[in-house]
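Undergrad: Guided by the hints, dock chain Y onto chain A, whose structure is given.
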Amino acid sequence: MSDGCGAPAQTASLPATVDLANEAVIQGTVVREGAPVSGAYARLLDATGEFTGEVVTSDEGIFRFFAAPGDWTIRVLAPGGVSIDSQVTAQVGEIAALEVAI
Amino acid sequence: MSRSDVLVDSDWVQAHLDDPGVVLVEVDEDTSAYEKGHIRGAVRIDWKTELQDPVRRDFVDKTGFENLLSEKGIANDDLVILYGGNNNWFAAYAYWYFKLYGHQNVKLLDGGRKKWELESRELVEAVPSRPKTNYVAQEQDHAIRAFRDEVVDAIGAKNLVDVRSPDEFSGKLLAPAHLPQEQAQKAGHVPTARNIPWSKAANDDGTFKSDDELKKLYEEAGVDLSKPTIAYCRIGERSSHTWFALHELLGLSDVKNYDGSWTEYGSLIGVPIELGDAK
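First to last, the protein sequences are chains A and Y. Counting from 1, one number per residue, gives the positions in the first sequence under the UniProt record's numbering. Counting from 1, one number per residue, gives the positions in the second sequence under the UniProt record's numbering.
The following block holds chain A by itself, in its conformation from the complex (with noise of 0.2 angstroms):
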């Protein structure tokens, strides 16, 4: 073992080590104003409203999961009392991309 369970950090590419075939991958950038905004919290819940995971957004305002293949939600948390949902649908061997405006 010895690696957590918390995030790693979040880059534009997927990490060499990872083979897309056997992932359903969520991606996607959170925006201010068309500029990137770092260090929002992307929280990922389940089709059930389940929290299953949150990331912090990388310098490049970007955020992933590594899902199952079916329907999530997105939540984007940032100061100011910023919350907004989106929905996205992750399949297998896909990166589900989505952009969410703050």
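These are computed hints drawn from the structure, not numbers from a lab. Treat the numbers as computed from the prediction; the structure is a model and nothing was measured. No false leads were mixed into what you were given.
Residues from chain Y that face chain A, not an exhaustive set, calculated with beta carbons under 8 angstroms: (1) Glu29; (2) Ser165; (3) Pro166; (4) Asp167; (5) Ser199; (6) Asp204.
Backbone N, C-alpha and C define an ideal beta-carbon position, used for all residues, glycine too.
TA: The following block gives chain Y in isolation, referenced to the frame of chain A:
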């Protein structure tokens, strides 16, 4: 035990940042978070490189813990305030770890780094220097740490609380959804475990839910609060968060954290594993 014995809020931290005898400690897995900014005066503990044995899968030993705290400038009678990212998972893990080695005067910043950030409070890059101390730790308190054989023995006898997400519990995922899913261990959960994801004990801003809400949460999921309880997750840090809720907030007397958790249990030969929803 009251909540104020184990938790402080961000206003309290703001007001006591400069108090002598109060040491703020940020605990993260991603240590670059600290470098980008931390609460003024906070020292850093790196979950991976400073709390874990570099070779074996185990904690640093008593001497290692003493050296670590001495170098961080933490004294035996200091009030340690822990906080961190990931909804305080690693801070809760460190809290449990401080208790394991006998440091009694330790509290968590409720909501951790997230709440502090969402409230737009000050973060600085300056790293404080604290004079070295001669910290003396106690032997590990195994009343709060469970090992694998105890977990197998607890099947059908004690409460087993699996705090991973429902998809990890049922065997659909092997790791949290922000991590790649290819792992060596088998998927599933310990038979008779109840699935109460750690996140149900927390609000969106990372603060803990009220005692009444917590009690209702565990009871409704079938946890008998009068019985001994073992909490586990994948590697033991999310379950530290739940251990904190059960042992420190609700004040249950016999609650252990199984830090081996699923990465150990799911790799054991011959132990029972259940798939799907809780039976």
